[in-house]
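4 protein chains.
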Amino acid sequence: MNYQDILNEIHEEIQPYLKLGKVASYIPELANVPYEKFGMSLHTVDGKTHSVGNAYENFSIQSISKLFTLTLAKQLVGEKLWARVGREPSGNPFNSLVQLEYENGIPRNPFINAGALVITDVLISNFDNPKDKILDFIRLLSGNKDINYDPDVALSENKTGYLNKALANFLKSFKNLDNEPEQVLDVYFNQCSLAMNCCDLANSCIFLANDGRSHHFDEVITTEKQTKYINSILLTCGTYDSVGDFAYRVGLPGKSGVGGGIVAVMPDKFSICVWSPGLNESGNSLAGTKALELFTTMTGISVF
Amino acid sequence: MNYQDILNEIHEEIQPYLKLGKVASYIPELANVPYEKFGMSLHTVDGKTHSVGNAYENFSIQSISKLFTLTLAKQLVGEKLWARVGREPSGNPFNSLVQLEYENGIPRNPFINAGALVITDVLISNFDNPKDKILDFIRLLSGNKDINYDPDVALSENKTGYLNKALANFLKSFKNLDNEPEQVLDVYFNQCSLAMNCCDLANSCIFLANDGRSHHFDEVITTEKQTKYINSILLTCGTYDSVGDFAYRVGLPGKSGVGGGIVAVMPDKFSICVWSPGLNESGNSLAGTKALELFTTMTGISVF
Amino acid sequence: MNYQDILNEIHEEIQPYLKLGKVASYIPELANVPYEKFGMSLHTVDGKTHSVGNAYENFSIQSISKLFTLTLAKQLVGEKLWARVGREPSGNPFNSLVQLEYENGIPRNPFINAGALVITDVLISNFDNPKDKILDFIRLLSGNKDINYDPDVALSENKTGYLNKALANFLKSFKNLDNEPEQVLDVYFNQCSLAMNCCDLANSCIFLANDGRSHHFDEVITTEKQTKYINSILLTCGTYDSVGDFAYRVGLPGKSGVGGGIVAVMPDKFSICVWSPGLNESGNSLAGTKALELFTTMTGISVF
Amino acid sequence: MNYQDILNEIHEEIQPYLKLGKVASYIPELANVPYEKFGMSLHTVDGKTHSVGNAYENFSIQSISKLFTLTLAKQLVGEKLWARVGREPSGNPFNSLVQLEYENGIPRNPFINAGALVITDVLISNFDNPKDKILDFIRLLSGNKDINYDPDVALSENKTGYLNKALANFLKSFKNLDNEPEQVLDVYFNQCSLAMNCCDLANSCIFLANDGRSHHFDEVITTEKQTKYINSILLTCGTYDSVGDFAYRVGLPGKSGVGGGIVAVMPDKFSICVWSPGLNESGNSLAGTKALELFTTMTGISVF
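From first to last, the protein sequence lines stand for chains U, C, F and V.
Quick note: the first sequence uses numbering that gives the first Met the number 0, first residue 0, plus one each step.
Quick note: the second sequence uses numbering that gives the first Met the number 0, first residue 0, plus one each step.
Quick note: the third sequence uses numbering that gives the first Met the number 0, first residue 0, plus one each step.
Quick note: the fourth sequence uses numbering that gives the first Met the number 0, first residue 0, plus one each step.
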């Protein structure tokens with residue numbers, strides 16, 4: 000069975016799962032997305048693209064943005080990054096303040112909210128205009144110049160994001176932010192608001208499957224070693240407090256967002272993005288995780 | 000030995016302890032207070048006043064203000080208050096976020112920072128001008144119209160109080176603040192900045208020793224029952240994470256602040272205030288606690 | 000109204016509360032006690048006794064025994080005791096292992112299970128026959144030579160007390176037990192199994208209201224200072240994770256047990272014991288706490 | 000460079016690292032092993048073996064045994080296993096009781112001590128003679144009939160293993176052990192005491208690199224799917240509280256033990272075992288981790 004046939008079959012099999020998840024409801028912009036949406040896009044390292052469903056419809060990438068900001072920050076400060084943020088799974092909800100208190104303000108990894116705020120702080124300290132730089136980088140990775148922040152989503156999160164404000168101020172109290180919490184939150188809420196589709200996201204991640212090089216433009220994004228590093232962090236920390244379950248069922252490095260998107264990569268083979276707004280209890284797309292599980296089961300391809 | 004002789008003897012005995020504590024250093028206004036300062040003031044329910052040392056010199060009352068705002072809030076909403084804040088000792092540092100997360104945003108008691116922020120939120124919801132009301136109340140209790148906020152202290156705390164900002168936003172994320180965190184913090188930083196002396200504070204607390212009535216004016220502050228309630232909370236929660244030690248050594252209901260002040264009361268007998276800026280590891284005045292221990296040992300008077 | 004009338008009135012008023020609590024069910028010996036039982040006994044420092052209901056019926060004193068073992072251990076090792084156990088309220092359930100892990104095996108106070116095991120360990124290290132010594136001490140305090148361990152209760156607890164076994168081994172792993180966990184648990188399960196009635200217990204505690212002296216025999220149990228010390232620990236740590244609530248509503252130093260008994264003392268006035276098997280959520284007798292609240296409200300007598 | 004040359008080079012490069020770790024000291028049998036020991040053994044799926052250093056010298060496999068008992072238990076009860084133990088990284092030290100309390104006695108994964116005790120409990124409930132069965136299974140996997148328990152090590156751990164006793168009793172208090180803690184601990188201490196060498200262990204793990212089949216005997220140990228499952232748990236949970244670091248630096252599913260051994264597998268390619276007694280702060284072999292990092296860096300082979 001070829002990849003397109005597999006995507007088509009998943010599209011059919013996944014229908015009963017779409018309504019089982021719960022759409023994120025904390026801001027209207029996310030709550031209003033219909034749960035029936037489902038898209039999937041696969042990009043192979045030899046340049047082929049296969050898509051199914053709503054693969055070309057934009058959604059809010061939310062925490063998937065943490066993968067891109069980590070890649071940028073790692074380019075900027077290298078291994079020094081690990082003095083300010085760990086690279087261990089947290090064993091706690093993604094927005095917990097508990098561990099941060101016990102571990103003196105050093106977030107467990109760059110993919111929990113506290114860690115992502117530290118990463119954003121690094122970008123602010125290194126770029127004159129961090130919001131532009133992040134946007135330029137995403138446009139470069141995806142090859143899509145039309146990608147943009149969604150100001151309504153960013154504003155909504157700024158109005159209601161008390162937990163993230165608590166985290167930013169808590170980090171600052173441990174002196175693990177160089178900039179003011181308000182600045183860091185402004186950039187952070189914007190990066191989370193990026194509107195992209197499955198095809199954009201699969202395109203943006205192909206460098207992780209291709210030893211750091213994109214196939215649609217001629218630039219090295221990360222060295223081969225850095226690429227492996229990022230993939231390892233994705234696998235051990237990329238899907239909130241269910242990384243073990245995701246590795247068990249899907250078996251690929253991946254990153255999820257509460258907008259319902261998940262990106263995953265198979266080194267030397269492909270990048271893949273799936274989108275379905277209904278979330279499971281851990282905050283990952285329920286049908287999206289199931290779709291990826293079906294994909295690795297049907298193809299027999301995973302890192303294990 | 001009469002009370003004045005006892006205060007004089009304590010004043011002598013306490014000298015070697017003054018330099019053992021550590022003056023709070025997180026804002027310049029507190030850090031610059033000389034550690035040699037020591038004052039003590041005793042007010043008896045029959046209207047006598049005894050003082051020693053720097054008893055008439057102003058200091059920043061800080062967390063002692065939580066006693067006055069609790070009294071106000073209890074007057075306003077009565078037993079309903081306990082739906083939003085507990086009345087149990089925390090067994091944790093006064094500014095911990097851990098317990099708040101495990102207990103769904105209900106602070107353990109009104110005297111840890113999180114609880115005090117909820118109390119301040121209650122005042123804001125009930126008063127048109129909460130800052131004026133708090134100030135009026137303190138002036139009434141103390142009988143001193145000249146008491147005022149210290150705007151420099153309030154501003155400094157607002158600039159550097161990231162941990163309190165984290166707490167306020169965290170409470171708001173649990174929907175346990177009705178007002179915006181910024182508003183609550185503004186009033187809170189102001190109440191903490193109040194500048195008072197030992198005599199003012201002992202005067203302000205005499206109602207707790209006198210079944211709710213002051214001796215220097217003719218108004219019932221709290222009913223006899225409410226008075227007992229407040230005293231019980233002082234004893235079990237008033238001195239941060241060392242209430243057990245304070246009860247063991249001093250044996251009186253009391254409230255401390257990081258400015259180095261401690262107020263305490265003996266029901267039916269007296270209120271007392273001591274000030275010495277050097278703090279012990281729990282954030283209570285080191286020499287102040289020792290002075291109160293000497294006082295209850297020498298007089299043989301305590302609630303136990 | 001005299002004391003006997005007050006006890007009689009409480010006996011009537013308390014009836015609807017008896018069935019609201021939940022009888023401890025983890026061993027058959029406790030589960031089989033009828034919830035309707037209610038007894039109360041008051042002993043004044045001038046030697047009078049007032050009783051009501053099932054005041055002369057034996058029940059399992061359970062954690063109330065911790066008060067007697069603490070008194071013994073304090074006699075033996077004095078202030079050195081505090082190197083191995085704290086005297087702060089825990090802010091956690093009485094059998095929690097969490098705090099013990101964060102605080103390196105030093106229990107918060109002598110009245111949570113972990114702390115009581117350390118106290119028992121002290122007795123084992125200091126007495127050739129600790130079980131006999133404890134029994135002798137209780138018989139002396141109560142003036143009742145017929146008091147005894149209940150071997151069925153002790154055996155049941157030994158068979159099912161996995162949580163206490165976990166605590167003892169956990170303490171040992173931190174080297175905060177000198178003896179083997181099995182030995183400590185054996186003595187501990189026995190001390191908890193002591194069968195006593197309200198009158199015995201009020202008698203046994205009168206020394207705490209009487210500056211350390213009993214009125215029914217001529218021996219100093221504790222110095223005046225030690226007596227105050229123990230009372231302070233009772234007030235801040237004696238009633239599990241609801242010491243704040245107990246101080247607020249009752250306002251007396253007290254110690255409870257899951258057998259449904261509670262002892263309390265008013266310095267210079269009286270000791271009191273109440274028994275009702277139904278427990279509230281914190282593990283204290285529900286109707287017993289209510290009865291004590293009624294008593295201090297009706298008499299207007301409390302430490303506050 | 001061929002595999003043997005790479006092993007030889009690693010053997011040279013690793014020398015300065017041998018003395019940097021700290022040999023486990025809690026029982027004499029482990030403490031007495033010289034830190035200079037270093038062995039490494041590689042088994043490829045096409046049946047080749049390469050070894051270097053002390054690859055044929057026995058050491059105590061300790062927690063590596065958890066991999067074998069998990070494989071057995073998964074065969075016995077399948078997916079039902081996950082009702083009693085999770086498969087998420089813990090984000091806590093391997094012997095922590097904290098998380099167990101917050102998560103009601105369900106250990107985070109089969110590789111922390113609490114989880115491994117549950118697994119052993121499953122084996123006891125399903126086998127008449129679990130110790131024989133475990134030994135038979137290891138002898139089968141390794142092809143070495145001479146492998147045996149080390150009774151001195153097992154006895155030493157039984158005498159001093161208070162923390163494991165605490166864990167077993169704690170699990171039992173949550174009713175997550177079917178058998179008595181003593182029984183479970185007896186089997187557990189024995190399985191940890193198994194004495195094996197690098198070659199035995201690499202041999203024993205080749206099925207994980209070979210879709211569930213061994214190359215040295217004709218039996219399917221696990222299905223292809225089960226094999227992937229176990230590898231995923233190894234990667235996300237196999238190396239205590241540093242799984243993120245191990246994935247980052249080494250990039251292979253692996254399991255470590257405090258005896259200084261680490262096994263790892265590369266699906267479709269090889270299994271590998273390294274031994275060096277000095278441990279890093281997380282309890283993994285310091286030089287062993289470094290040797291595996293050198294191996295995956297020099298060969299460019301990892302799952303990422």
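By construction, these hints were calculated from the structure, which means they are not laboratory data.
Wrong hints could be hidden among the right ones.
Identical copies look the same in the list; a pair holds intra-copy or inter-copy alike.
BS3-like, lysine-lysine: derived pairs with alpha carbons at most 25 Å apart [as the list claims (entries may be wrong)]:
#1 K224 - K268
#2 K144 - K18
#3 K158 - K268
#4 K174 - K36
#5 K21 - K174
#6 K268 - K18
#7 K130 - K21
#8 K174 - K144
Status of K21 relative to K130 across identical chains (alpha carbons, at most 25 Å)
Neither way: K130 and K21 sit 31 Å apart in one copy and 44 Å across, limit 25 Å.
With 25 Å as the alpha-carbon cut-off, assign the pair K158 and K268 to within, between, both or neither.
neither (42 Å within a copy, 51 Å between copies)
Within, between, both or neither: how does the pair K21, K174 come out at a Cα-Cα threshold of 25 Å?
The answer is between: 21 Å across copies meets 25 Å, while 36 Å in one copy does not.
Could you figure out if K144 and K18 sit no more than 25 Å apart (CA to CA) within one copy, between two copies, both or neither?
Neither: 33 Å inside a copy, 55 Å across copies.
Given a CA cutoff of 25 Å, do K174 and K144 count as a within-copy pair, a between-copy pair, both, or neither?
This pair counts as neither: shortest intra-copy Cα distance 37 Å, inter-copy 40 Å.
Between the shortest in-copy and the shortest cross-copy C-alpha distance, which are at most 25 Å for K268 and K18: within, between, both, or neither?
neither (31 Å within a copy, 41 Å between copies)
Given identical chains, is K174 near K36, meaning Cα to Cα at most 25 Å, within a copy, between copies, both, or neither?
Neither. Shortest intra-copy (42 Å) and inter-copy (31 Å) distances fail the 25 Å Cα cut-off.
Status of K268 relative to K224 across identical chains (alpha carbons, at most 25 Å):
Cα proximity of K224 and K268: in one copy and across copies (17 Å, 20 Å).
Comparing the model with each earlier hint shows violations of hints 2, 3, 4, 6, 7 and 8; every other hint is respected.
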